[in-house]
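Remember, our numbering sits 315 above the position in the sequence shown when you count from 1.
By construction, these hints were calculated from the structure, which means they are not laboratory data. All C-beta atoms in this analysis are idealised placements derived from N, C-alpha and C, irrespective of residue type, glycine included. Any given hint could be a false lead.
Capping the alpha-carbon separation at 25 Å, the derived lysine to aspartate or glutamate pairs in DMTMM-like fashion look like this [as the list claims (entries may be wrong)]:
| hint | residue 1 | residue 2 |
| --- | --- | --- |
| 1 | K736 | E620 |
| 2 | K505 | D828 |
| 3 | K505 | E639 |
| 4 | K1166 | E911 |
| 5 | K736 | D515 |
| 6 | K1236 | D1210 |
| 7 | K489 | D515 |
| 8 | K736 | D828 |
| 9 | K505 | E620 |
| 10 | K1166 | E1120 |
| 11 | K1166 | D1083 |
| 12 | K871 | E911 |
| 13 | K1236 | D459 |
Have a look at the derived ranges for each label pair, beta carbon to beta carbon [as the list claims (entries may be wrong)]:
| hint | residue 1 | residue 2 | range |
| --- | --- | --- | --- |
| 14 | G1221 | Q993 | 33 to 43 Å |
| 15 | F1212 | I974 | 34 to 44 Å |
| 16 | V497 | F819 | 48 to 58 Å |
| 17 | A1191 | F1224 | 36 to 46 Å |
| 18 | A747 | F1224 | 35 to 45 Å |
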Amino acid sequence: MQNQTDNAEEQGAIVVTGSRIQRRDLTSTSPLAVVQDEEFTLSGAVNVEQVLNQLPQVYPSTGGFSNNPGGGVATLDLRGLGNTRTLILVNGRRYVFYDVNQLVDVNTIPQFLIDSVDVVTGGASAVYGSDAVGGVVNFRLQTDLEGFKAGTQYSITEEGDGRRYGAHLAVGAKTADGRGSVVAFGEYFKREPIFQLDRDFSRFSTSQATGIDVCVDPATVNPRTRIGTVVGSIIQTGANAGSCATGEPGFGAAGSGTNQFGRFRYTGSAGPRGFFNGTGAQFDVAGGPARQFSSVTDAYNFAPENYIMVPQERFLLGGYGEFEINDALNVFTEVTYVNNVVTTVLAATPVTGTFDFNVAQTCQFINAANCAQLQDIDANETGTNKNNGIVRLNTNRRTLEASSRFNEDERNAFRVLAGLKGDITDNLNYEAYYLFARTRNSQLQTGGVSRTAFQNGLNGVGTPINIFGPGTLTPAMVQQITVSASNTDISQLQVASGSLSGTFGNFGLGAEDIGFAAGVEYRSVSSEYRPDPVSGSGDIIGPNFGQATAGGYNVKEAFVEIRVPIIAERPFFHQLTLEGAFRYSDYSLSAVGGVETYSAGVTWAPIRDVTLRGQYQRAIRAPNVSELFGGQSNGFPSATDPCAQASAATNATVRQLCIQTGVPAALVGNELVQTQSQIEALFGGNPNLEEERSETYTLGAVIRPSFIPRLNIAIDGYDITVDNAISVFGGGLNNTLDICYNVVQDISSPFCQTFVGARDPESGEITDPFFPVLLNANTASLETRGIDLQIDYSQPLGFSLIGGEESRLNFAFAGTYLDRYRFRPSPLTPDLVTECRGRFGISFCDEPYAKFKWTSRLTLIDGPVTLSGRWRHLSAVRDDDDETFYTVERIGAYDLFDLSAAFDIGDNFTLAMGVNNILDKQPPLLGTNQEQANTYTSTYDPLGRDFFVSASIRF
């Protein structure tokens, strides 16, 4: 990796991301990181995400370790501002997006043809248009390929699983006179899955019970049921962290997993009636007898069926080329096609909620004592429910007799681009192109349950089903209640762009000529989601359901950019340059309309060794199709219901709010008001959304001391604020719950109104079919600031260990200090601010926001041999909820070390091999304050020690 100041004088005229103006130096006014192609080789990366997610400017987003949610895509998130606020370019132009959120899967970019990747953080909408709020990532593909380039790669973990392998071939040719060139390429890649069962830290799902997790003896774990013997409890704090009370190895595991056989609880007007009240009745044996459910020993272990790393199979084909007809006319084209298949899997469907049970029918499946209980409840109910033969029970039942829930996405996408460019005069040139991209995603969901069919099997309307005990659902019953769904996404992008750029005149003070770029652009985006009738109806349990989405918009833009060198090679003014950009965008969206973005910057080098730089940028992001037109769909975010906390019963204000929003007075403060840690809610689009607006300030210095040749240092401070940010109302379900019951505490507020009618009237639980509805809104604001530091240094050693050319030692460091990351969920609560710096957790921050993050590499190059070591570091973080005690409140500093070697065998063959995570560092084991697999798989390495070998040949 090198920074933006390397060998500026030797490179000639280039175009740096962040500007359309040709320039001879690599010093930009914005912080710029450049990843060279060698980094992909030395890290054993086939997929782009493996390298870019290690940059300190990039925060984890969706990737290969994303099983729920997932989709098999890899997106980038600059500065932690969200992947929708990061603009992805290939050769300076927009790429194909894959869904209604208009996101780019960077793993569809041919990694083996990447020459370099430019990463510019901060608003860049004035130069590149909407979406560039967090920054821009531009992938530059090789243009000098002649002949054949072929390669293959294989990776496997020390556990012998997670195999990844692929092969690629590229063919390049130039015309005899050098006026034309073409490159055609193809790639195949396959990744095999790793299950949570396959790792100690993830094979049991952790529970959260007053700070104590159950400890399971691994020697007793049944490989089929994944159930083990409880041997004690583990308190994962202080000196006893990680050890069981009995001294046995601990997983922080959740119970013996017997809740797969159902739990039933009565909360109606008949009052307490034994096992069907309290924590509920648990059926361990078909036909009874029932016993009291224990949340510690009976919690279902859903972890083993889930993936840690999702399987993927990808075919990639494409080509690009250009031909110079004359100086004034050069035609160029780019074509890409990708087929990507990914499967995600979850444990068997948990059917939860309140259902009507026909007493006479149910008594056929349970023992006499339990039957008498139901009859007693029916007889003692009041009103029309009395002696009507129906009893309503809050129900939890895993349909283990059916399959796990599989979600297979097959994505086909293509992108076609054609354009013209050339010189008008010696100092003026033009470029015009048209781009068309389209993606079609077919999604097959299996393992779902029809709520209607399930209910009809219990209330006497349909064919009876038996859910009381293990294995009670016969194949015929399973077929009766299970459903599949086939959904389709279609997304389309069109871009027509034309620009002029060049130079004219100077101030006669030793500086270069003034440079400019100006142009116009038209973009059209459209997307639609076509759910299966079963999925769209909302009747399906298990797979997330969603209503249809369809919509689009267009934007017409005009832009201008100017670079004005003022003075150079003068005392105290080795170089002084001003820069500015302006773009006007006219959106067809009435709530957005016409908007302006602009930027201004300055670079000043008082001496040759030091360049100071600063910039201000005003950027916008228009809402995407999903945010605007997304049909309502269900989600299961982790959230805490204040009405289920014991403190709610003693706090008069909170108690009254709970009653007003639908919790029975007798149940306020009872933990059984909310039996699930993931609470179901409905989310959807809002066609009246406005644009997001951001301001970016950067100030930094580039230091290249002449007395230390080959040393480059770049230090930059950044401050980014995003206002009018599009977010789920209230900042999400957990935030909305907290704001209603603990902050505004006003039943008339929109936050509290969200939960009126969204609770089961008998239990007070937020559960199917009672949902809070949270639509998108311009409700939030984000602010982040920090300091980037990049250092690279190369030192010739004056000798060769293998008797070849003189060896040299290269050092590269890229790090970030995060000084602030603040989130305000709503302008209605301006004093409610979440600070995520140095924090993680499910309450507010999600992924860990380490204060310090860096990647460094030390490389020895000796003729044909390259030896390299990499150090990746994240500083410690603590949980973001100070009011709740979790089994793990703090994650310590996390360090990974990698080693690799590359050998040039002859002029055309390269062999590379290496070990990532050479010390086999395991991810932190967490309680319920985790992303998935009891940890944060996107941040901390879940694979363990991982080996790779690759070979490439060019001829």
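Verification of the supplied hints:
no.	hint	in the structure
1	K736 with E620	violated, 54 Å
2	K505 with D828	violated, 51 Å
3	K505 with E639	violated, 38 Å
4	K1166 with E911	violated, 34 Å
5	K736 with D515	violated, 57 Å
6	K1236 with D1210	holds, 8 Å
7	K489 with D515	violated, 54 Å
8	K736 with D828	holds, 22 Å
9	K505 with E620	holds, 21 Å
10	K1166 with E1120	violated, 42 Å
11	K1166 with D1083	violated, 40 Å
12	K871 with E911	holds, 12 Å
13	K1236 with D459	violated, 40 Å
14	G1221 with Q993: 33 to 43 Å	violated, 57 Å
15	F1212 with I974: 34 to 44 Å	violated, 56 Å
16	V497 with F819: 48 to 58 Å	violated, 34 Å
17	A1191 with F1224: 36 to 46 Å	holds, 44 Å
18	A747 with F1224: 35 to 45 Å	holds, 41 Å
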